[in-house]
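Starting from the known structure of chain A, arrange chain B on it as the hints suggest.
As they're listed, the protein sequences go chains A and B. Note that this note's numbering has the first sequence beginning at 23, numbered continuously upward. Note that this note's numbering has the second sequence beginning at 49, numbered continuously upward.
Derived from the structure by calculation, the hints contain no laboratory data. Careful: at least some of the hints might be erroneous.
[To be verified] Chain A stretches covered by chain B per the calculated footprint, using a threshold of three residues with CB under 8 Å from any CB of chain B:
#	stretch
1	151–158
2	164–174
3	233–243
4	313–322
5	325–336
[Said to hold, decoys possible] A short list of chain A residues far from chain B (calculated; beta carbon distances all over 10 Å):
#	residue
6	N41
7	L135
8	R215
9	S290
[To be verified] Distance ranges between label pairs, derived from CB positions:
#	chain 1	residue 1	chain 2	residue 2	range
10	A	I56	B	R301	34 to 40 Å
11	A	F57	B	A241	52 to 58 Å
12	B	T218	A	N273	33 to 39 Å
13	B	R176	A	A205	43 to 49 Å
14	A	M233	B	G293	55 to 61 Å
15	A	F57	B	I222	54 to 60 Å
16	A	Y187	B	T218	52 to 58 Å
17	B	M83	A	M233	57 to 63 Å
Note that CB positions come from ideal geometry on N, CA and C, so glycine has one too.
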Amino acid sequence: MSATVSSGSSGFSRTLKKNQGVFVVLALLVLLLIFGSVVSDRFRTSNNFLNILEQSTGLALVSLGQTLTILTGGIDLSVGSMISLLSTVTSGTINGDVSMVAPVVVGILLLGLVIGLVNGLLIIWLKVHPLIVTLGTGAVLQGIVLLYSLGPAGKVPRGFTFLAYGKVLGIPLGAIFVVVVFALVGAFLTYFRLGRYIFAVGDDDAGALLMGLPRAKVILTVYGFSGFCCAMAAIYLTARFGVGQPYTGLNYTLASITPVVVGGTLLSGGKGGVLGTLLGVYLISLLNNVLNFMDVSTHYQLIAQGLIVIAAVSIYVERRKKV
Amino acid sequence: MVDLSQTKSAEYAGPAPTLASRLAPYALPIFLILMIVVAGVISPAFLSANNISNMLLQAAPLGIVVIGQAFVIILRGLDLSVSSVMATSAVIATGFSGVNGDVIPILLVAVGIGVATGVVNGLLVTKRSVSPFLATLATMIVLQGFRFAYTQGAPSGNVPPLFRTLGSATWNGIPYNMMLLVVLAAVFWVLLAKTRFGREVYITGGNPTTARLLGINADRVTIIGYVISGGLAAIAGLVLSGYVGIVDNWVGRGFELDSIVAAVMGGISLAGGRGGIIGGLFGAAVLIVVFNAVLLFGLPVQFQIIIKGLVIVAAAAFYVRRSH
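The shape of chain A in the complex, shown without the other chains (with noise of 0.2 Å):
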């Protein structure tokens, strides 16, 4: 397999089959918009897709670091503890206090961010796996956050929830934010070098780094950005809440993987984007409002999205690890 770090060259079939993943999940999202008008009228109301934006911002946030740490072949399991000890710290030490908002949400994001970094130097340094040390510094962090509590923590002043619930010419403040740093992202991947040596790193790990590209740098870089990301669906989070606990994270660490796959980006690295990303967060939001006006339960939900995540791998087979 070359080790191509795909540059300029173009061409449609190749503009195609680099982006399947954003067509695929365009043309279901499409299915699903014609199915959910065909079963109910409400579904097509614009208050019910402003809606489905409001509530996929916290996952779209996680996904988004997600993106990046599988695009360089890794994961990164710890998110969920993160965003839960976050959350419940950001609520917490704001406890009511409207002075405190501004130090916390910076000492968070930085917090974040740290996190995040310590992961990444800890992939380097010890040369484990990923997704073993993730799963290991996650579960370190799921126990500090129930030592600081074992329930909800504080609160925060109602002015906070602006963040979750305002809104800027009627559309939810939270999506807004979600495609700005989607799109900036989506730019740094693109336009600048370091964006492009995480497609190279994730594409062959060893030969980037027998060519000279900086490993540790992008291994920091993805890693600490994934923190960065928890910190931020972190606040918007005890925003939408009101309120911070230890387990609010729980479903994260395995719900943002599922976009990412969805969108195309494969698990073993190299290939994918931030676009398929949002489109697959926005099209499990939105199969899971289908699904509410069909009346189906939750539990069927459930089949629903395993299903979805089935196929949708199925159909971009992912690339044999290399011997």
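Using the frame of chain A, we list chain B on its own:
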């Protein structure tokens, strides 16, 4: 077919062993004994017959899952669906009328579900080249959905008395479930270490391309590996349902990670082709001793999770160093 006895020697011939590399395989048993001694000195209650019997009771279901996980990990995979299979088979255990006459049908249905899950996992991994993490994650979620739909979110009913005995009773202090673990471990140890199939597992996990060149049906071997894991997880679920007595939708939660942690601690490399069942079982024993010691020392239960996290990273780092 190529004569595998030839390839075996080629596979295992390495540099001349040093003292450190001779001792390294025993690092975990030595560590376990040290831990037991230290725990016994700090808290004499640790070595009471009652506590030991209790630890054995808790270790058995984990041990059974670890055996299956060992096969899958040696084959370069991992199986996240085991916890979901366990919970499903536990729910099935109470899904009948709860008398001993139901034991056979329960066993058939539960193991059937485990085996079917294994087949789906194996097919996705081999025929569709889906990464094992994702394939077993997806089947885990789907199975969870089916289970919720089946129980409507609230399982009820009783576990047949026979399972209660198997899961929680002891004979002269030795739990029945531990006897079952020993039997299963012996059977699968022979399969993995002493048979042609076992050698095919190691070769396939060590290098799938080599396996194909040798005429081994790597796909078939891999699928069987996942089937073993699914089937054993189903049995572990039944044993665990007998231990807890009351079944909810989450029996076995955390076993997917604990079994992987135990296997990695036991020297089964996630890179495939290395390790064995006995190592994995020692890993499970270390986990159970750590969990027990944390409680016995009066530490907050949260330390169980923290220590588990530290231990898995440390163990993985240890084995990475060793293999270099």
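Going through the hints against the structure:
Check on the stretch 151–158 of chain A: 6 of its residues sit with their Cβ under 8 Å from a Cβ of chain B, so the three-residue criterion for coverage holds. Restraint check on the stretch 164–174 of chain A versus chain B: 5 residues with Cβ-Cβ distances below 8 Å, three needed, restraint holds. Check result for the stretch 233–243 of chain A against chain B: violated, 0 residues qualifying (beta carbon to beta carbon below 8 Å, three or more required). Only residues whose C-beta sits within less than 8 Å of a C-beta in chain B count toward coverage, and the stretch 313–322 of chain A has 4 of them, enough to reach three; the restraint holds.
Residue count for the stretch 325–336 of chain A with a Cβ under 8 Å from a Cβ of chain B: 9. That meets the three needed, and the coverage hint holds. For A/N41, the shortest C-beta to C-beta distance to chain B comes to about 20 Å, beyond the 10 Å cut-off, and the non-interface label holds. No Cβ of chain B approaches the Cβ of A/L135 within 10 Å, the least distance being about 20 Å, so the stated non-interface status holds. Residue-level check passed: A/R215 sits 28 Å from the nearest beta carbon of chain B, beyond 10 Å.
With a minimum CB-CB distance of about 6 Å to chain B, A/S290 fails to clear the 10 Å threshold, and the non-interface call is violated. The beta-carbon spacing between A/I56 and B/R301, approximately 38 Å, falls within the hinted interval of 34 to 40 Å. A/F57 and B/A241 have their C-beta atoms about 53 Å apart, which keeps the hinted 52 to 58 Å range intact. For the pair B/T218 and A/N273, the supplied restraint of 33 to 39 Å holds, since their beta-carbon distance comes to about 38 Å.
Judged by the Cβ atoms, the range 43 to 49 Å given for B/R176 and A/A205 is violated: they are separated by roughly 33 Å. At roughly 59 Å, the beta-carbon separation of A/M233 and B/G293 lies within the given 55 to 61 Å, and the hint holds. At roughly 58 Å, the beta carbons of A/F57 and B/I222 sit within the given window of 54 to 60 Å. The hinted range of 52 to 58 Å is satisfied by A/Y187 and B/T218, whose Cβ atoms lie roughly 57 Å apart.
Between B/M83 and A/M233, the C-beta spacing of about 45 Å breaks the proposed range 57 to 63 Å.
In terms of the numbered hints stated before, the structure departs from hints 3, 9, 13 and 17, listed from lowest to highest.
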